[in-house]
Amino acid sequence: SQKIEQNSEALNIQEGKTATLTCNYTNYSPAYLQWYRQDPGRGPVFLLLIRENEKEKRKERLKVTFDTTLKQSLFHITASQPADSATYLCALGNNRLAFGKGNQVVVIP
Amino acid sequence: DTGVSQDPRHKITKRGQNVTFRCDPISEHNRLYWYRQTLGQGPEFLTYFQNEAQLEKSRLLSDRFSAERPKGSFSTLEIQRTEQGDSAMYLCASSLGGLGLAGNEQFFGPGTRLTVL
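Protein chains in written order, with our numbering: chain V, 42 to 150; chain E, 72 to 188.
Just so you know, these hints were derived from the structure itself, not from any lab. One or more hints might be untrue.
Claimed, not checked - Here are the computed lysine to aspartate or glutamate pairs in the EDC-like style, where the Cα-Cα straight-line distance is at most 16 Å:
no., chain 1, residue 1, chain 2, residue 2
1, V, Lys98, E, Glu176
2, V, Lys142, E, Glu115
3, V, Lys44, E, Glu115
To be verified - With beta-carbon atoms standing in for the labels, derived distance ranges:
no., chain 1, residue 1, chain 2, residue 2, range
4, V, Glu50, E, Leu126, 35 to 41 Å
5, E, Thr147, V, Val147, 24 to 30 Å
6, V, Glu56, E, Asn122, 43 to 49 Å
7, E, Glu149, V, Ala72, 30 to 36 Å
Glycine residues also receive a C-beta, built at the ideal position from the N, C-alpha and C atoms.
Chain V extracted, bound-state conformation:
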């Protein structure tokens, strides 16, 4: 069966450090992988999209890698700030997005 796995445990990280989240998937061959941020009680907000032929994508303090051989994406937040505290969702697909459960990040001042 198709699965998208994100770490269920919250990531607690000191301000200024780099947070790294993992998204693993099975039985998918996605052409695109997206990362979204979600705050409590709000809808997800798009952060980055990476294509299958791209190894890495950056946007400001965010970096995403996509390894289609390992079937894995890594999401990095460098120089993390308390305002980065949120749940981060990995999503596969184009129109019909399949989401992971999300990974909560808590940045400690």
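Knowing the structure of chain V, use the given hints to seat chain E on it.
Okay, now just chain E, sitting in the frame of chain V:
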């Protein structure tokens, strides 16, 4: 505010009642999506439209659920004979899609939280 809007933001209903939610997408977006999210889970795809055509519907969507986008602008999602298991956040999203615009980001609304008693 030119983002995606949803109405109502909260709905409490009794089991067996019908409910209808509305979504107004970003005006120039031709694609509109509905998702459902329960606590601790990621959003789950329900259906999507390109303009007024409903192009895909999840197999998980029972016959009690119906969605429309009659003029290719706003959309409604109706749930008939609600059950307690329908309690969730219903999210609407929109995007600009078409030839050469594959892999597009989706803009989500704030959601409608449904509680079925």
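These are the hints, each one checked on the structure:
1. A hinted pair counts as satisfied when its Cα atoms are at most 16 Å apart, and lysine 98(V) with glutamate 176(E) qualifies at roughly 15 Å.
2. For the suggested pair lysine 142(V) and glutamate 115(E), the alpha carbons sit about 10 Å apart, so the restraint of at most 16 Å is met.
3. With a CA separation close to 13 Å, the supplied pair lysine 44(V) and glutamate 115(E) stays within the 16 Å bound.
4. Range check, glutamate 50(V) to leucine 126(E): Cβ separation about 37 Å, and the 35 to 41 Å hint holds.
5. For threonine 147(E) and valine 147(V), the Cβ-Cβ distance of about 37 Å falls outside the hinted range of 24 to 30 Å, so the restraint is violated.
6. Range check, glutamate 56(V) to asparagine 122(E): Cβ separation about 46 Å, and the 43 to 49 Å hint holds.
7. A hinted range of 30 to 36 Å holds for the C-beta pair glutamate 149(E) and alanine 72(V), which are about 33 Å apart.
Checked against the numbered hints above, the structure breaks only hint 5 and satisfies the rest.
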